[in-house]
Every structure is written in structure tokens, then in C-alpha cells.
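Novice: Protein sequences appear in the order of chains A and B.
Reading the first sequence from the start, the letters are residues 4 to 186 in my numbering.
Reading the second sequence from the start, the letters are residues 8 to 320 in my numbering.
For the record, the hints were derived by calculation from the structure and aren't laboratory data.
The beta-carbon is built from N, C-alpha and C at its ideal position, and this holds for glycine as well.
Treat each hint with caution, since some may be false.
Per label pair, the in silico range of CB-to-CB distance [claimed, not checked]:
| # | chain 1 | residue 1 | chain 2 | residue 2 | range |
| --- | --- | --- | --- | --- | --- |
| 1 | B | Gly174 | A | Ala5 | 51 to 57 Å |
| 2 | A | Gln186 | B | Glu40 | 55 to 61 Å |
| 3 | B | Glu76 | A | Ala5 | 20 to 26 Å |
| 4 | A | Glu60 | B | Asn190 | 28 to 34 Å |
| 5 | B | Glu265 | A | Ala185 | 52 to 58 Å |
| 6 | A | Cys48 | B | Gly274 | 40 to 46 Å |
| 7 | B | Glu80 | A | Ser9 | 16 to 22 Å |
| 8 | B | Cys296 | A | Pro13 | 55 to 61 Å |
| 9 | A | Glu43 | B | Asp141 | 50 to 56 Å |
| 10 | B | Asp155 | A | Lys6 | 44 to 50 Å |
| 11 | A | Gly75 | B | Arg41 | 27 to 33 Å |
| 12 | B | Pro79 | A | Ala185 | 20 to 26 Å |
A short, non-exhaustive set of chain B residues, derived as facing chain A with CB atoms under 8 Å [said to hold, decoys possible]:
| # | residue |
| --- | --- |
| 13 | Glu92 |
| 14 | Met146 |
| 15 | Asn190 |
| 16 | Ala219 |
| 17 | Cys310 |
Simulated coverage check for chain B against chain A, where a stretch passes if three residues somewhere in it have a Cβ under 8 Å from a Cβ of chain A [as the list claims (entries may be wrong)]:
| # | stretch |
| --- | --- |
| 18 | 77-90 |
| 19 | 97-109 |
| 20 | 152-165 |
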Amino acid sequence: MAKTVSLTLPLTRADLADLEAGDEVLLSGPVYTMRDAGHERALQCLEDTGRLPFDLEGATLFYAGPTPAAAGRPLGSVGPTTASRMDFATPALFEAGIVAAIGKGKRSPEVVRSCQETGSVYLCTVGGIAALLAKSITESELVGWEDLGTEALRKLTLKDFPAYVAVDTKGGDLYRKIETAAQ
Amino acid sequence: MNEETPETMARGEMPTGENVPHERCPRQPLATERLDAETVGEAVYDAIRQCAVTLRPDFQKAVEAARDEAAPESREAGVLDRILENARIGVADNVPICQDTGSVWVCLEVGEALAVPGDIFSRVNDAVARAYTDGRLRMSLVRNALFDRANTGDNTPAFCELKLVPGAGAVLHVLLKGGGSDNASRVVMLPPGAGAAGVRSVVLDCVREKAANACPPLVIGLGVGATFDKVAGLAKHALLREVGSPAASAEAAAFEEELLAEVNALGIGPAALGGAPTALAVHLETAPCHIAALPVAVNMGCCAMRSASIKFI
Chain A
4 MAKTVSLTLP
14 LTRADLADLE
24 AGDEVLLSGP
34 VYTMRDAGHE
44 RALQCLEDTG
54 RLPFDLEGAT
64 LFYAGPTPAA
74 AGRPLGSVGP
84 TTASRMDFAT
94 PALFEAGIVA
104 AIGKGKRSPE
114 VVRSCQETGS
124 VYLCTVGGIA
134 ALLAKSITES
144 ELVGWEDLGT
154 EALRKLTLKD
164 FPAYVAVDTK
174 GGDLYRKIET
184 AAQ
Chain B
8 MNEETPETMA
18 RGEMPTGENV
28 PHERCPRQPL
38 ATERLDAETV
48 GEAVYDAIRQ
58 CAVTLRPDFQ
68 KAVEAARDEA
78 APESREAGVL
88 DRILENARIG
98 VADNVPICQD
108 TGSVWVCLEV
118 GEALAVPGDI
128 FSRVNDAVAR
138 AYTDGRLRMS
148 LVRNALFDRA
158 NTGDNTPAFC
168 ELKLVPGAGA
178 VLHVLLKGGG
188 SDNASRVVML
198 PPGAGAAGVR
208 SVVLDCVREK
218 AANACPPLVI
228 GLGVGATFDK
238 VAGLAKHALL
248 REVGSPAASA
258 EAAAFEEELL
268 AEVNALGIGP
278 AALGGAPTAL
288 AVHLETAPCH
298 IAALPVAVNM
308 GCCAMRSASI
318 KFI
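Work out the full structure: start from the sequences and follow the hints.
Specialist: Written as C-alpha cells, this is what we have:
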């Protein structure tokens with residue numbers, strides 16, 4: 004039975020182990036934005052140094068490129084981008100210490116397996132409601148890769164940010180469940 | 008907080024026979040039968056500023072209708088409520104309804120009685136750069152798809168198309184197209200023998216595989232016919248049609264209805280979190296084609312549908 008859970012970030016492995024695909028979560032605390040170009044750089048850094056850039060071990064990534072500050076909020080609007088574009092890098096980043104990622108859409112079987120092997124989770128949130136989601140962001144701070152513009156690495160502070168567990172640590176996959184249920 | 012005057016951009020007030028919600032040109036109505044670059048540029052600027060923060064009204068109505076039909080307390084009702092709340096915040100706070108404020112797609116349809124100079128699009132990129140800076144929108148374009156993926160910094164260039172059409176006057180379409188929904192689109196060159204069943208399979212496969220990335224509930228633009236390059240344009244143009252308006256012909260309307268029912272039977276649902284609807288409409292545009300061909304294109308329209316169609320004269 005799906006449940007609703009309030010979680011404080013950074014997430015611990017114990018937090019993650021209790022989650023099941025389909026649970027709704029309300030996230031509060033820091034996440035780091037990273038998209039296509041950032042993933043390439045993170046992988047390069049791993050290759051060069053054996054570590055994640057900017058001490059991201061233990062962090063949760065948010066696949067997002069926000070619009071600039073507006074309406075008295077740190078970001079005008081922000082929402083998830085398509086997660087499958089990051090599939091090429093996600094298993095390596097989970098192995099190196101990223102514990103969770105927030106995006107939208109299905110993941111590859113390799114990412115689902117990686118969630119099981121590393122005890123990480125993939126969370127999804129609703130795309131196309133970025134003005135609403137921006138109200139759950141209380142702070143935004145540029146951390147690095149400023150040259151990438153909207154794709155730069157930013158630390159966002161969330162307050163009751165709504166998401167769903169899409170892939171849990173036991174290999175449960177919300178999107179596959181929905182597909183199977185409809186057949 | 009709204010710097011633009013909404014009343015000059017009142018949307019959807021004059022549907023014409025062309026099934027798109029038209030707007031009057033917000034700046035200068037044309038006194039002569041000549042359209043110039045300045046007029047087009049200013050109309051593009053205004054349309055971008057308005058579209059970025061506004062869910063298209065016909066699309067919003069369809070979401071409201073779907074919300075009324077959704078089971079109370081269901082996950083899909085929750086998602087549809089959030090889409091409507093998001094639209095309200097966009098207008099109230101003058102902030103983009105989606106962080107992907109898109110690439111700018113412009114199509115100018117010009118009637119045969121109107122003269123258009125060769126530089127008609129020469130002010131469009133300037134308008135895009137100003138609108139994206141002034142509106143605090145996201146800069147989402149790179150210089151070259153393959154060899155130089157540095158951000159252009161001002162969301163230029165726009166992708167412009169000039170269409171010569173029968174009749175008088177001119178209509179300017181401006182569409183802010185997100186990357187996720189365009190990525191979830193496809194062109195397939197079927198053999199003619201594949202027929203309607205083949206077209207149906209292309210649509211259903213595309214939805215099954217890609218809808219979760221395209222931010223449903225969707226409007227599905229479907230082009231069938233023409234040539235390899237033109238069929239995608241048919242599908243894109245189909246997104247402009249007013250949601251809920253009739254198709255060009257009874258047989259097209261019947262096919263659209265059949266496809267919509269099958270798409271929604273997949274149970275993918277709003278935000279791909281299950282239930283219904285996965286799509287609010289399927290819009291079909293067909294055309295002649297080569298005896299050897301059955302070109303099919305699917306262009307996904309996301310739940311943050313943003314376009315404006317402005318009628319000059």
C-alpha cells in the first residue's frame with residue numbers, strides 16, 4: 004500500500020530502504036541540479052580523480068534547469084527534465100555516492116539494477132508544473148559550472164517538495180507497475 | 008507584476024473558420040496591405056511574453072473537463088489539480104508555467120492578397136532575445152547541435168517558416184516548444200500497405216514508449232502524408248488547432264476519436280502516474296503523397312501547451 008512520507012535531506016540509506024515504488028514523498032533539505040552537460044563533467048571528474056565533483060557524496064540530484072529568480076522567489080520556475088537522458092551516467096554516479104535522483108519518466112534496466120545494487124532510489128515528480136514546484140524551493144546557490152548557464156550545478160533547498168518513489172531499492176518500478184496494470 | 012497588458016492580448020476571442028484561437032495583432036493594425044518585419048517582430052515579442060506564463064486557454068478547458076471526470080482523491084485528480092494550480096500561479100505571479108520555456112517556433116501564413124518583403128523575419132531573433140531577457144525565461148538553445156553545444160545565451164535563433172496560403176490577411180503562429188515533448192516525437196516512413204492500422208501502431212508505440220517523458224496529459228499532433236521533411240510540419244501544425252474543435256473531415260474526426268480512445272486505454276495517465284487521461288486530443292492533418300509512401304509523424308504536445316495565433320488585418 005502506497006504511503007506518504009516526509010523526508011529530510013540529505014537522505015540516509017535507512018530512509019531509502021523503507022521506501023517503496025508508488026510512495027509519495029515530501030522532501031525538505033538540499034538537492035543539487037544536474038542535467039546532460041553536468042553529467043558529462045561529473046563522469047569526467049570521476050574518471051580523472053576517482054571522486055565526485057564538489058564533494059557530492061551522499062547528495063540527491065535533481066535533473067532540472069531552472070529559470071532565473073522571479074516573483075520574490077529564488078527561482079522563477081523549476082521542474083524535472085527527462086531522466087532517461089542521464090541513464091548513461093547514473094549507475095556510475097550511484098556507485099560513487101549519489102543516493103537519489105529526481106526527474107521524470109522511465110529509467111533503463113541498468114539504472115533499476117543499479118538502484119538495487121547500491122541502495123539508491125529514483126524519484127519522479129510532475130513535469131509541466133514548474134511555477135507551482137518553485138514555491139517549494141526556499142534557496143538557490145550556484146555551486147559550479149557557471150559557464151553552463153541553466154545547466155550549472157546549483158544547490159537548492161527544498162521545503163515539502165512533492166515527488167513519488169519511481170524506482171526503489173528492491174527493484175520496484177512504478178512506471179512498469181502502471182504499464183503492467185493497464186495490460 | 009504583469010508588464011504586458013493582458014487585454015491587448017485577449018486570447019481565443021475570435022475563432023475563425025480555421026480552427027485556431029486567433030488574437031488581434033496587439034500593436035499596430037495594418038493600414039496597408041503590406042506586412043513588415045517590425046510588426047512581426049513586435050507580435051513575436053508580445054506572444055512570447057504572454058505564452059511563457061499562460062497555459063493555452065483551450066487546453067486549460069480540456070484539463071478542467073478531465074478534472075471533473077476524474078475520481079475524487081485519485082492520483083490523477085491530484086495531478087490535474089496541480090496543472091490547473093500551476094496555470095493560476097503562472098498568470099498571477101507572471102512566472103513561466105514550465106522551466107523549459109522552449110525553442111521559439113514561428114510560422115507566418117500569408118494570404119495571396121498580401122505583400123511580404125523578403126526580410127519579414129529579420130526582427131524575430133531580436134524580439135526573441137529581448138523577450139527571453141525581459142521575461143526572465145530560460146535560455147535553452149545551443150550554437151550547433153553537433154559541433155558546438157555552447158548556449159547561445161539569448162535563446163536565439165527562432166525556427167521560422169513562411170507559408171503562402173489562399174485568402175486575404177495573415178496569421179502568425181508562435182509556439183514555445185519544450186525539449187522533452189519534441190524528443191518524444193517521431194517520423195516513420197511506412198509502406199502504403201500498412202494503411203490505417205500501420206498509422207495506429209506508430210501512434211500507440213510512440214505513446215507507450217515515450218509519453219512518460221512528454222508530460223501528459225498530451226495533445227498528440229499526427230501528420231500523415233506529404234514528404235519525409237514535410238510530414239513533421241503537418242504534425243506540428245496540428246498542435247495549433249483548438250483542443251475540442253472538429254477535424255477537417257468526418258473521416259478524420261472518426262479516426263482521431265478512435266486513436267484517442269486507444270491511447271487512453273493504455274492507462275498511462277496524467278504525469279504518467281496511471282489512470283486517465285493520457286491524452287486530451289489527437290489532432291490529425293493529412294496530405295497527398297507519393298504512390299510508394301505513407302509518411303507518418305507524431306509530435307507530442309505537453310501539458311504546458313503554449314502557443315498563440317495572431318491574425319493581422
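Novice: Output the indices of the hints that this structure fails to meet, ascending.
Specialist: Violated: hints 5, 9, 11.
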